[in-house]
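Asks: All chains, please: the whole structure from these sequences, using the hints.
Protein chains: 2
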Amino acid sequence: MEKELKIPDATIERVALYLRPLENLLKEGAQVVSSEQLADLCNVNPAQVRKDLSFFGEFGVRGVGYEVSDLLREIKKILASDRVWRLGIFGLDDMGMALVQHKDFLKRGYRFVAAFDYDPEKIGKCLPTGLVIQPVSMIRELTRELRIEIGVITTSPSEAQKTADLIFQAGIMAVLNFSPIHLRKPECCLVQNVDFTLNLDHMAYQLKKHGQ
Amino acid sequence: MEKELKIPDATIERVALYLRPLENLLKEGAQVVSSEQLADLCNVNPAQVRKDLSFFGEFGVRGVGYEVSDLLREIKKILASDRVWRLGIFGLDDMGMALVQHKDFLKRGYRFVAAFDYDPEKIGKCLPTGLVIQPVSMIRELTRELRIEIGVITTSPSEAQKTADLIFQAGIMAVLNFSPIHLRKPECCLVQNVDFTLNLDHMAYQLKKHGQ
Chain R
811 MEKELKIPDA
821 TIERVALYLR
831 PLENLLKEGA
841 QVVSSEQLAD
851 LCNVNPAQVR
861 KDLSFFGEFG
871 VRGVGYEVSD
881 LLREIKKILA
891 SDRVWRLGIF
901 GLDDMGMALV
911 QHKDFLKRGY
921 RFVAAFDYDP
931 EKIGKCLPTG
941 LVIQPVSMIR
951 ELTRELRIEI
961 GVITTSPSEA
971 QKTADLIFQA
981 GIMAVLNFSP
991 IHLRKPECCL
1001 VQNVDFTLNL
1011 DHMAYQLKKH
1021 GQ
Chain A
811 MEKELKIPDA
821 TIERVALYLR
831 PLENLLKEGA
841 QVVSSEQLAD
851 LCNVNPAQVR
861 KDLSFFGEFG
871 VRGVGYEVSD
881 LLREIKKILA
891 SDRVWRLGIF
901 GLDDMGMALV
911 QHKDFLKRGY
921 RFVAAFDYDP
931 EKIGKCLPTG
941 LVIQPVSMIR
951 ELTRELRIEI
961 GVITTSPSEA
971 QKTADLIFQA
981 GIMAVLNFSP
991 IHLRKPECCL
1001 VQNVDFTLNL
1011 DHMAYQLKKH
1021 GQ
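So the sequences go chain by chain: R and A.
Position in the first sequence (from 1) plus 810 gives the number in my numbering.
Position in the second sequence (from 1) plus 810 gives the number in my numbering.
Dumping the calculated BS3-like pairs for lysine-lysine here, alpha-carbon to alpha-carbon at most 25 Å:
#, chain 1, residue 1, chain 2, residue 2
1, R, K913, R, K935
2, R, K917, A, K1019
3, A, K816, A, K861
4, A, K886, R, K1019
One-sided and incomplete, this derived list gives chain A residues near chain R with beta-carbon spacing under 7 Å:
#, residue
5, A826
6, L851
7, A890
8, D904
9, D914
10, M1013
By construction, these hints were calculated from the structure, which means they are not laboratory data.
In this text the structure is predicted, and so the values were computed from the model without any measurement.
For glycine and all other residues, C-beta sits at the position ideal for the given N, C-alpha and C.
Replies: What follows is the structure, encoded as structure tokens:
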């Protein structure tokens, strides 16, 4: 444990980024990957890859590369993505529906075990995944019963803070927030914001810089 | 122009992050914001905010803060988000439908001007926004006619690379990619990948570290 705590956050973020290309390489039958190859797949530089991976033990063989399956297993263990995390989704409009059915979540170890909405018209409906939409008022009981660990907020912006408060009160410590709202949270809890328009802002800047 | 080119990419990414809280502050009637306040809203440290904003001219008044509306206008100008960018979306499954109707895009200056799909059952259908779904084979004509500047890929993974190739061939220089595929691209073109599971990986690591 002592060792893990010293890994910088930025390294963790980049290492998570290495997972997907590594999984693809394994699927394609590759046994070894070089830092140059991995760097190219992830748009970072090879020295950065080598430095990041040095936190995870001695996988590299100088002049050869890394054993793909060993590296993948170790990264997953450290990132805690070698187990299934249990998610509850809040708000079943288009975005919520798209997320709940998105195959990537389960493939990466994130399983939606509950779906909540405020709209009486939606409550009781069965999703294609088999989940039945529950009223948000059931959050405490269902969090305990289904052991929900992470809440995903896809409600309207006006309902986002109220929903976050209920999530934290129910004992869920982490929220993935798709609403364009800065959520207030207890010190001990975690919030990650997803904002696609930030990616677009970054591209727009690059396009403008290159004279589009 | 000379000056803009020197701004580091990491600064641009953080500055884009400052936009949304600044817009909220303006809406709430705030005239001045301190670096501490802005830092707190964006989860960065105040010294970082001051350093980032120093690239954008002399907005700060020592001991007081920044003029919200001046700062917002200047950031938007530099990020090129003071104008409307024209988007085409490729793949109208749940995720595509959710994005095309997402109010945030237009609010931040990104307008979907075209929607494409491969599925003959979908082609010709009218979206709630008024757009009619077009066959991907129409990409060249429509890119020219509608001046599409950025392509958004929400196709199935197996169609993502083919779609990206068509987008770049049609003269669109930038792609926002929602598929879990590493896209090959010409040197001159831009790709930004959106991957929600990376945010979850980061939270899972933090939860594990704190003993969940």
